[in-house]
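Student: Sequence:
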Amino acid sequence: MVGPNWRFACRNETLLLLLSPCIRNGSRISFSDSVRRQLFQDKQSKLSDDRAKGYMTNSDLEKAVKEFGRRCSNISRIYSIGKSVHGVPLWVIEISDMPGEEEPEPAFKFVGNVHGDEPVGRELLLRLANWICDNYMKDSLARLIVENIHLHILPSMNPDGYFLRRRGNANNIDLNRDFPDQFFPVNNDINARQPETRAVMNWLREMQFAASASLHGGALVANYPWDGTEDKRRNYYACPDDDTFRFMASIYSHSHHNMSLSKEFPGGITNGAFWYPIYGGMQDWNYIHAGCFELTLEISDNKWPNANELPTLWEYNKMSLLNLAASLVKTGIHGRIFSSDSGMPLPGSVTIKGINYTLAKVLLITIGYLLQGRDMKFWPLCLGTNQKPHVSHWTKQP
742 MVGPNWRFAC RNETLLLLLS PCIRNGSRIS FSDSVRRQLF QDKQSKLSDD
792 RAKGYMTNSD LEKAVKEFGR RCSNISRIYS IGKSVHGVPL WVIEISDMPG
842 EEEPEPAFKF VGNVHGDEPV GRELLLRLAN WICDNYMKDS LARLIVENIH
892 LHILPSMNPD GYFLRRRGNA NNIDLNRDFP DQFFPVNNDI NARQPETRAV
942 MNWLREMQFA ASASLHGGAL VANYPWDGTE DKRRNYYACP DDDTFRFMAS
992 IYSHSHHNMS LSKEFPGGIT NGAFWYPIYG GMQDWNYIHA GCFELTLEIS
1042 DNKWPNANEL PTLWEYNKMS LLNLAASLVK TGIHGRIFSS DSGMPLPGSV
1092 TIKGINYTLA KVLLITIGYL LQGRDMKFWP LCLGTNQKPH VSHWTKQP
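Plus 741 on top of the position in the sequence shown (first one is 1) and you've got the working numbering.
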């Protein structure tokens, strides 16, 4: 419990969407066998140069990122988390009213172009950044994101694969199979991973992200954990925060032009393991090792559509991208633990009965913050009617 000398500040708001606060009671969605399709993960076909016309080259992307940084310097910071196999910087755009500063605000990240032959995400994420910059002084949703969230955008995790027009990176490795896996850990040594994978892993060890989404192509659905099963069979395999993930996925699908109307995926969402199991995926690693709630968003049935379709795809996905990021401050509870006397941050713990899996991971991260005199912050994203948070302050025993 919170002692008399401590204050616990929180707020509980609802997202302005026609959705229930959470999908409760552990109900499961049934899928037909026709839903279970592979996304050609074993095929590394190279696309023609004609298909790439109208898309940014890696050089174009770097110029666009740096130009954004100059044009929107008052609300942005540009940095790199590492380099690809061929030495291409992995540029990130941070958007905030205080970029680069530690604040008691949640951080959200978008990651695009994990697979080299799925470039729609990198295009849409640059459009997202520019739209926020152009509209944050006149649009309430853009302003909410800028003033209350640290939004980090990695447009291309796999620039080498994009250049080569293929799924894998320069070493022909599928980056979304290269992360340490909970069920089949081949080698958990970070140095054995691809440079792009290591860059993302180190990124999450340096920064505390509350939630995330990676953008893919080849289907139209919002995918959530778990992505794999212990026996490698296809079945619904729920993670401890299943309700929250389904809620997040529904935010995206219901904000989308037509994702929620899918005949293949009821509501436009799917459990990854029930669709088709994968191992070594980035989504599950984020959740397990960094306490970050990540979705895998399939945003286009065509992996590499003609460039003249990009404006339409942007309009279809714009509100989904904005609402998903904004959900960090429009839903759930948000809090800090600090002394009412000195205002200094205090060590503590946050648990929710039956769902303390990710909070325990986040707690390990926040301990490091406390040692540096920084706030302990937490953002359980969604609480059902029967879920009650327990916040406690703990001290050293004499």
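The hints are simulated quantities; they were obtained by calculation from the structure and are not laboratory data. This structure is a prediction, so every number in the text was calculated from the model and none was measured. You may find that some hints are simply not true.
[Unchecked claim] Cross-link-like lysine-lysine pairs, in silico, DSS-like; alpha carbons within 25 Å at most:
(1) 1059 / 1044
(2) 1059 / 1004
(3) 1059 / 879
(4) 794 / 804
(5) 1059 / 1071
(6) 1044 / 794
(7) 1004 / 804
(8) 1004 / 807
(9) 794 / 1059
(10) 804 / 824
(11) 1044 / 879
(12) 794 / 807
(13) 824 / 807
(14) 1044 / 1004
(15) 824 / 879
[What the hints assert, rightly or not] Taking CB as the label site, the calculated pair distances span:
(16) 946 / 918: 18 to 26 Å
(17) 913 / 811: 43 to 51 Å
(18) 924 / 1005: 23 to 31 Å
(19) 808 / 1053: 21 to 29 Å
(20) 974 / 1053: 19 to 27 Å
(21) 1043 / 1082: 58 to 66 Å
(22) 912 / 1042: 25 to 33 Å
(23) 918 / 793: 31 to 39 Å
Glycine residues also receive a C-beta, built at the ideal position from the N, C-alpha and C atoms.
Student: Against each hint, give a clear statement of whether it holds in the structure.
Tutor: Hints and how they fare:
| no. | hint | result |
| --- | --- | --- |
| 1 | 1059 / 1044 | 18 Å, holds |
| 2 | 1059 / 1004 | 22 Å, holds |
| 3 | 1059 / 879 | 17 Å, holds |
| 4 | 794 / 804 | 17 Å, holds |
| 5 | 1059 / 1071 | 17 Å, holds |
| 6 | 1044 / 794 | 15 Å, holds |
| 7 | 1004 / 804 | 40 Å, violated |
| 8 | 1004 / 807 | 41 Å, violated |
| 9 | 794 / 1059 | 23 Å, holds |
| 10 | 804 / 824 | 16 Å, holds |
| 11 | 1044 / 879 | 34 Å, violated |
| 12 | 794 / 807 | 22 Å, holds |
| 13 | 824 / 807 | 16 Å, holds |
| 14 | 1044 / 1004 | 19 Å, holds |
| 15 | 824 / 879 | 36 Å, violated |
| 16 | 946 / 918: 18 to 26 Å | 21 Å, holds |
| 17 | 913 / 811: 43 to 51 Å | 36 Å, violated |
| 18 | 924 / 1005: 23 to 31 Å | 26 Å, holds |
| 19 | 808 / 1053: 21 to 29 Å | 24 Å, holds |
| 20 | 974 / 1053: 19 to 27 Å | 38 Å, violated |
| 21 | 1043 / 1082: 58 to 66 Å | 60 Å, holds |
| 22 | 912 / 1042: 25 to 33 Å | 28 Å, holds |
| 23 | 918 / 793: 31 to 39 Å | 24 Å, violated |
Checked against the numbered hints above, the structure violates hints 7, 8, 11, 15, 17, 20 and 23; every other hint is satisfied.
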